[in-house]
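There are 2 protein chains.
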Amino acid sequence: MKVERWGVFEIALQGKTDGNPFMDYEIRGTFSNENEKVTVDGFYDGQGVYKVRFMPSFEGEYSYVIDGSFADETTEGQFTASAPTGNNHGPVRVAHKYHLAYEDGTPHYSFGTTCYLFDLMDKEIIDQTFEELQKGYFNKMRFCILPKHYDYCLNDPPLFPYEGTPMDASVLTRENFYKYVGKAEGNDWDLTRFNPDYFRRHDENVKRLMDLGIEADMIVFHAYDRWGFSQMTMEENVRYLRYIAARYSAFRNVWWALANEYELMGHLAESDWEFLAQELTAHDPYHHLISIHNCESFYDYTKPWITHCSCQRCDHYKTTEDTEEMRVRYGKPVIWDEYGYEGDFPHCWGNFTPEEIVRRGWEALLRGGYPGHSETFRSEDDVIWWCHGGKLKGESAKRFKFMREFLEDVPGGGLKYGHLRDDLHFQWDDKVAVPEDPAYEGDYYFFYFSIWRPPFRQVWVDDETEFDVDVIDTYEMTVTPVGRFKGRFDVPLPGKQYMGIRLKRVKDK
Amino acid sequence: MKVERWGVFEIALQGKTDGNPFMDYEIRGTFSNENEKVTVDGFYDGQGVYKVRFMPSFEGEYSYVIDGSFADETTEGQFTASAPTGNNHGPVRVAHKYHLAYEDGTPHYSFGTTCYLFDLMDKEIIDQTFEELQKGYFNKMRFCILPKHYDYCLNDPPLFPYEGTPMDASVLTRENFYKYVGKAEGNDWDLTRFNPDYFRRHDENVKRLMDLGIEADMIVFHAYDRWGFSQMTMEENVRYLRYIAARYSAFRNVWWALANEYELMGHLAESDWEFLAQELTAHDPYHHLISIHNCESFYDYTKPWITHCSCQRCDHYKTTEDTEEMRVRYGKPVIWDEYGYEGDFPHCWGNFTPEEIVRRGWEALLRGGYPGHSETFRSEDDVIWWCHGGKLKGESAKRFKFMREFLEDVPGGGLKYGHLRDDLHFQWDDKVAVPEDPAYEGDYYFFYFSIWRPPFRQVWVDDETEFDVDVIDTYEMTVTPVGRFKGRFDVPLPGKQYMGIRLKRVKDK
Chain A
209 MKVERWGVFE
219 IALQGKTDGN
229 PFMDYEIRGT
239 FSNENEKVTV
249 DGFYDGQGVY
259 KVRFMPSFEG
269 EYSYVIDGSF
279 ADETTEGQFT
289 ASAPTGNNHG
299 PVRVAHKYHL
309 AYEDGTPHYS
319 FGTTCYLFDL
329 MDKEIIDQTF
339 EELQKGYFNK
349 MRFCILPKHY
359 DYCLNDPPLF
369 PYEGTPMDAS
379 VLTRENFYKY
389 VGKAEGNDWD
399 LTRFNPDYFR
409 RHDENVKRLM
419 DLGIEADMIV
429 FHAYDRWGFS
439 QMTMEENVRY
449 LRYIAARYSA
459 FRNVWWALAN
469 EYELMGHLAE
479 SDWEFLAQEL
489 TAHDPYHHLI
499 SIHNCESFYD
509 YTKPWITHCS
519 CQRCDHYKTT
529 EDTEEMRVRY
539 GKPVIWDEYG
549 YEGDFPHCWG
559 NFTPEEIVRR
569 GWEALLRGGY
579 PGHSETFRSE
589 DDVIWWCHGG
599 KLKGESAKRF
609 KFMREFLEDV
619 PGGGLKYGHL
629 RDDLHFQWDD
639 KVAVPEDPAY
649 EGDYYFFYFS
659 IWRPPFRQVW
669 VDDETEFDVD
679 VIDTYEMTVT
689 PVGRFKGRFD
699 VPLPGKQYMG
709 IRLKRVKDK
Chain B
209 MKVERWGVFE
219 IALQGKTDGN
229 PFMDYEIRGT
239 FSNENEKVTV
249 DGFYDGQGVY
259 KVRFMPSFEG
269 EYSYVIDGSF
279 ADETTEGQFT
289 ASAPTGNNHG
299 PVRVAHKYHL
309 AYEDGTPHYS
319 FGTTCYLFDL
329 MDKEIIDQTF
339 EELQKGYFNK
349 MRFCILPKHY
359 DYCLNDPPLF
369 PYEGTPMDAS
379 VLTRENFYKY
389 VGKAEGNDWD
399 LTRFNPDYFR
409 RHDENVKRLM
419 DLGIEADMIV
429 FHAYDRWGFS
439 QMTMEENVRY
449 LRYIAARYSA
459 FRNVWWALAN
469 EYELMGHLAE
479 SDWEFLAQEL
489 TAHDPYHHLI
499 SIHNCESFYD
509 YTKPWITHCS
519 CQRCDHYKTT
529 EDTEEMRVRY
539 GKPVIWDEYG
549 YEGDFPHCWG
559 NFTPEEIVRR
569 GWEALLRGGY
579 PGHSETFRSE
589 DDVIWWCHGG
599 KLKGESAKRF
609 KFMREFLEDV
619 PGGGLKYGHL
629 RDDLHFQWDD
639 KVAVPEDPAY
649 EGDYYFFYFS
659 IWRPPFRQVW
669 VDDETEFDVD
679 VIDTYEMTVT
689 PVGRFKGRFD
699 VPLPGKQYMG
709 IRLKRVKDK
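Line by line, the protein sequences are chains A and B. Position 463 of the first sequence, counted from 1, bears residue number 671 in our numbering, the numbering being contiguous throughout. Position 43 of the second sequence, counted from 1, bears residue number 251 in our numbering, the numbering being contiguous throughout.
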C-alpha cells in the first residue's frame with residue numbers, strides 16, 4: 209500500500225462488537241521509519257470496525273504495529289510514504305513568528321471563511337459549497353464538529369454525534385430560540401456511544417477540503433447548542449476530544465479551534481479550558497495549529513499551547529486596525545476569524561457593506577495579520593453561507609482572493625506595519641506596510657488609505673533609490689502602474705476611498 | 209444711552225498719546241446696579257482713544273465710573289439696560305452638566321464650524337462667509353485671534369496685530385513652509401504696541417456673529433505661526449491676554465479657546481497654560497466658556513477653569529464613539545471641535561467623505577456630545593472654508609442643521625447614551641439614546657445604526673406603553689413615520705447605512 213508524505217494512511221480491523229466498543233476496547237498503532245516513531249490512538253467506527261489513521265511526516269518505508277484490546281495478537285505491516293504531489297505541502301505551521309507556512313516551507317497566507325455546519329447539509333448543498341470553494345477565494349474553512357443551534361440556524365441536522373433522540377425542534381421560533389441555548393432538557397443521548405455516521409461526514413469533507421488545498425479549522429466546542437453537548441461533564445468532554453483527535457489528526461489540513469466564543473460556555477473556567485487544551489494537544493501527535501476563539505474578550509493567547517490568535521473583534525468600531533497591538537501583546541500570528549460579515553442580518557455582526565468587510569481585511573493584512581470572511585444574507589431556502597454554505601451572494605468574497613494574490617507578491621512572505629520617515633509633514637501618518645523579512649528591507653512599501661481620500665501622496669524614501677510605483681484600488685481590484693520614480697515625488701490618486709500605493713524597488717541589472 | 213441686557217455698552221474717552229499709551233496708561237470702569245457691581249479693564253484703541261466695554265447681566269438702571277490714568281478726574285454716567293430682544297438670550301453656560309444653555313435658560317445645542325482666519329479676508333469673502341452662516345447650519349464659529357501660517361494658508365494677512373514688519377512671505381512653498389513654523393526670524397515687531405485696526409476686525413465680526421446668534425469661539429494661542437507670535441515671552445503673552453480680555457469680553461457670544469493644539473507649542477509647560485488660563489479668566493468678569501484644544505493628547509479637562517472639553521480626535525479610526533467615555537472621565541460637556549473635515553486635502557484630517565463626517569456627528573450627539581464641522585476643498589482662488597471662509601462646497605454642512613433640529617425635538621434638552629433592556633438577544637448591542645433629563649425617562653428613545661444595515665430592529669420597552677415610531681435617514685435627512693406601536697414589535701428598515709429609529713411615548717390625553 210502506498211501513501212504520500214503528509215497523506216492519510218488508514219488501517220481498519222474487524223473486532224468485537226459486544227458491550228460498548230467505544231468504552232470497552234482500545235486500539236493503538238505505532239508507526240516507525242528511520243526518522244520517526246509515532247504511537248497514535250485509533251477509534252471505533254461502528255459495525256465491528258476499528259480504525260487507525262496515521263500521517264507520515266517523512267518519505268520512505270514505514271512499518272507499523274497495531275494493538276487492539278479486542279484481539280489476542282497484534283497486526284503488523286509496512287507501507288511506503290512517497291513524495292507529496294499536487295497541492296500537498298504538508299500541515300500549516302507558524303513561520304516568521306507572525307505568519308504561516310506549510311511544512312515544506314511554502315508560505316501560507318490565511319484567508320478563511322466560515323460555514324459552521326456546511327458538511328451537515330444535503331449533498332446538493334455541500335456540492336454547491338465546494339463549487340464556490342473551487343473559485344479559490346479562501347484557503348481555510350472554519351466549521352463546527354458539533355451541531356449548532358442559533359437564530360437562522362434552527363433546523364435539526366440530518367444526524368447527530370451520539371446515539372439517542374433530540375428535543376422536539378418544532379417548538380422553536382425566532383422569538384424563543386434563545387431560551388433553549390445551552391439547555392439539555394428534552395434530549396435523550398447515550399454520551400458513551402458516538403454515531404460513526406455523523407463523524408464520517410467530517411472525514412469525507414475534511415478530505416475533500418484537503419484535496420482542494422483548503423485548511424479545515426474545526427471548532428471543537430461551542431455554546432450555541434440545544435442538545436446538551438455544550439453541557440457535557442469533563443469526563444464526557446475528554447472522551448469526545450480523544451475520539452476526534454484519533455479520528456481527524458491524520459488529516460494534514462486540520463486546525464483545532466478549541467472553542468468558538470469560549471466565554472459563552474460560562475460553566476467552564478480558564479483552568480477547564482487549559483485542561484481540555486492539554487488533553488487535545490496530548491492526543492494530536494502532529495501538533496496541528498490550535499487556538500481558542502473569543503466572543504467579547506480575548507483568551508490569553510500567550511498560553512504556550514496556543515499557536516496563533518483566532519480573534520473576534522471586541523470593539524464594534526475599531527477592529528483589525530488593532531492588529532499591530534495584538535502582535536505586540538501576544539507575539540503570535542493574528543487571524544481575525546470574525547470581524548463582522550457582509551449581509552442583511554438584523555444582528556450587528558451580520559449586516560456590513562462589502563466595502564467595510566474588505567476594508568477591515570486590508571487593515572489586517574497591511575499590519576501583518578490575516579482576515580476572515582463569511583456571509584449572512586437571509587434566504588428563502590434558509591441556506592446561509594455563514595452556517596450552511598451553499599451559494600455565495602455577496603461582493604466581498606472574490607476580493608479576499610485579490611488580497612491573497614497581493615500578499616503573494618510581497619517579497620519574503622508577509623507584511624508588517626513599519627515606519628517610513630517623518631519629514632513629510634501631515635501627508636498622512638508616517639506608517640507604511642513593509643516586508644516582515646528584514647532581508648527585503650527597503651525593497652517594498654505599501655501605503656493604504658482606507659476610508660481616506662487623499663488626492664495624491666508625497667513619497668520620499670531617499671534621493672537615489674528607484675521604485676516602480678503602482679496605484680491599487682483595493683475594492684475595484686485594479687493595479688495601475690504609474691511609472692518609475694526616485695527622490696521626492698507625488699503619486700496622484702483618484703480621490704476615492706480604499707486606495708493604496710505600492711512601491712517596488714527597481715532591482716539592479 | 210440705551211443698551212440691552214447682555215448687550216455691549218461702550219464708552220470712549222479721548223486721552224493722552226505721548227509715550228506708549230498701550231504701556232503707559234490704564235483705564236478701568238466700575239459698573240453698578242442693584243444686582244451687581246463690576247470693575248472691568250478698558251483698552252487703548254489708537255488715535256488717543258481709550259475705550260471701556262461692559263456687558264450688563266441684568267435689566268435696569270446702571271451707573272458707572274470710568275477712571276483713566278491719563279486723566280485727572282473720573283468720568284461718571286448712567287444708562288439703562290433694557291430687556292433682551294431677538295436672538296439675544298445671553299452668554300452660553302454649561303447646563304445639565306454635559307450640555308449647554310443660554311443664560312436665559314434657552315438650550316444651546318452646539319454645532320460649530322471652523323474658519324480660522326475668516327475675518328482677516330477681504331470684505332467680499334467675509335460677506336460670502338456670512339451668507340453661508342445665515343443658512344443656519346452652524347451656531348458657533350471657531351477662529352484665530354492671531355494670524356495663521358500653514359499649508360494652503362501661506363498668504364500674509366492684510367494687517368498684523370502688532371506694529372512692525374513681517375518676514376518675506378514670497379520665499380514660502382508647500383515644500384518648505386513647515387521649516388518656518390514657530391520661528392520668529394525675519395520679523396520685526398514692537399510687541400508693546402498693538403495694532404488697533406487689526407483687533408477692530410474681530411470687534412466687527414464678533415458683533416456680526418452675535419447679531420446672527422452665532423457663538424464666537426476665539427482661539428487665543430496656536431502654533432501655526434511664522435511671525436513669532438507663538439514664541440512670545442510670558443510677559444508679552446499676559447499683555448496680549450489682558451488686551452483681548454478687555455476688548456472682547458463684553459461680547460456675550462465669546463468663547464475662549466485658550467489654544468488650538470496646545471501641545472504643538474512645546475515651549476509651554478502645563479504650568480504655563482495653567483498660569484495663562486488664570487490670567488485670562490481673572491480678566492473676564494463674565495466667565496465666558498473656556499477650554500483648550502488638543503492635537504494628539506487631550507488636556508486634563510478636569511482642571512476647574514475648563515468649562516467643557518474641546519476635543520480633537522486622538523485615534524484616527526475611533527473618534528466621537530468615545531464621547532460616553534469622555535463624559536465619564538471629565539464630567540463636562542464634550543464638544544468635538546475637530547474629528548476630521550470633508551474635503552480633498554492630502555492631509556489625513558482633511559479628505560473625509562460627507563457620509564463619514566455626518567456619521568461621526570451622529571455618533572457624538574446620540575451619546576450627549578456635540579460635533580464640529582469644517583471643509584477642506586482645495587480651490588483655484590485659495591479660499592478654503594477651513595481657513596478663509598467664503599463659499600461652502602460640501603455635502604455635510606447642511607446636515608449639521610438637520611442634527612440640530614433633531615436635537616431640538618428631544619424632550620428636556622439633550623441626549624445621553626442609555627440602556628434599554630438586554631433580553632432582545634443579538635438584535636444589536638442594547639445601547640440607545642435617551643433624554644439626559646430624568647424627568648423625561650421613558651418618553652423618548654433613539655436607535656442609531658451608523659455603518660450597520662439592519663433590515664429591521666425589534667423593539668420592546670414594555671407591554672403597555674404606546675409609542676409613535678419614526679424611521680430617520682440621518683444622511684438623506686428624512687423622517688418617516690411608521691406608526692403607533694406597543695409591546696414587542698419589529699420596525700422595518702431599508703437595509704442602508706446611517707439609519708435611525710425614534711420612539712416617542714404617546715402622551716395621555
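Worth flagging that the hints you see were computed from the coordinates, not collected in a lab. Please note that a few of the clues may not be correct.
Identical chains share a label here; the pair holds if one copy fits it or two copies do between them.
Calculated pairs, SDA-like style, for lysine to any residue (alpha carbon to alpha carbon, straight line, at most 25 Å) [what the hints assert, rightly or not]: (1) Lys-526 to Gly-703; (2) Lys-599 to Glu-332; (3) Lys-391 to Met-440; (4) Lys-694 to Thr-510; (5) Lys-639 to Leu-472; (6) Lys-305 to Leu-221; (7) Lys-712 to Val-379; (8) Lys-639 to Cys-556; (9) Lys-540 to Gly-254; (10) Lys-526 to Ser-505; (11) Lys-601 to Pro-663; (12) Lys-305 to Thr-238; (13) Lys-526 to Asp-681; (14) Lys-387 to Arg-665; (15) Lys-331 to Ala-279; (16) Lys-694 to Arg-713; (17) Lys-601 to Val-677; (18) Lys-712 to Cys-556; (19) Lys-331 to Arg-408; (20) Lys-639 to Ser-505; (21) Lys-224 to Asn-395; (22) Lys-526 to Thr-561; (23) Lys-704 to Glu-563; (24) Lys-639 to Val-536.
In this text, all values refer to a predicted model and were calculated from it rather than measured experimentally.
Margin query: Regarding Lys-540 and Gly-254, is the shortest C-alpha distance of 25 Å or less found within a copy, between copies, in both, or in neither?
Written below: neither (40 Å within a copy, 69 Å between copies)
Check: Under a CA distance limit of 25 Å, which applies to Lys-639 and Val-536: within one copy, between copies, both, or neither?
Finding: within (16 Å within a copy, 32 Å between copies)
Notebook entry, point to check: When no copy is named, should Lys-526 and Gly-703 be tagged within, between, both, or neither for a Cα gap of at most 25 Å?
Noted result: both (23 Å within a copy, 22 Å between copies)
Note to self: Regarding Lys-526 and Ser-505, is the shortest C-alpha distance of 25 Å or less found within a copy, between copies, in both, or in neither?
What the structure shows: Classified as both; 14 Å inside a copy, 19 Å across copies.
Next item on the list: State whether the alpha carbon distance between Lys-526 and Thr-561 is at most 25 Å within one copy, between copies, both, or neither.
Entry: This pair counts as both: shortest intra-copy Cα distance 16 Å, inter-copy 18 Å.
Checklist line | Identical-chain pair category, Lys-391 with Met-440, by Cα at 25 Å | finding: Classified as within: same-chain Cα gap 11 Å, cross-chain 72 Å, threshold 25 Å.
Notebook entry, point to check: Quick one: Lys-526 to Asp-681, C-alpha cut-off 25 Å, is that within a copy, between copies, both, or neither?
Noted result: both (22 Å within a copy, 24 Å between copies)
Note to self: Within, between, both or neither: how does the pair Lys-712, Val-379 come out at a Cα-Cα threshold of 25 Å?
What the structure shows: neither (61 Å within a copy, 35 Å between copies)
Notebook entry, point to check: With identical chains treated as interchangeable, where does the CA-CA distance between Lys-712 and Cys-556 reach 25 Å or less: within a copy, between copies, both, or neither?
Noted result: Classified as between; 24 Å across copies, 39 Å inside a copy.
Notebook entry, point to check: Which holds for Lys-599 with Glu-332 at a C-alpha limit of 25 Å: within a copy, between copies, both or neither?
Noted result: within (11 Å within a copy, 61 Å between copies)
Check: With identical chains treated as interchangeable, where does the CA-CA distance between Lys-704 and Glu-563 reach 25 Å or less: within a copy, between copies, both, or neither?
Finding: So Lys-704 and Glu-563 pass the 25 Å test inside a copy (12 Å) and across (13 Å) alike.
Notebook entry, point to check: Which holds for Lys-601 with Pro-663 at a C-alpha limit of 25 Å: within a copy, between copies, both or neither?
Noted result: This pair counts as between: shortest inter-copy Cα distance 17 Å, intra-copy 33 Å.
Of the numbered hints listed earlier, those contradicted by the structure are 4, 6, 7, 9, 12, 15, 17, 21.
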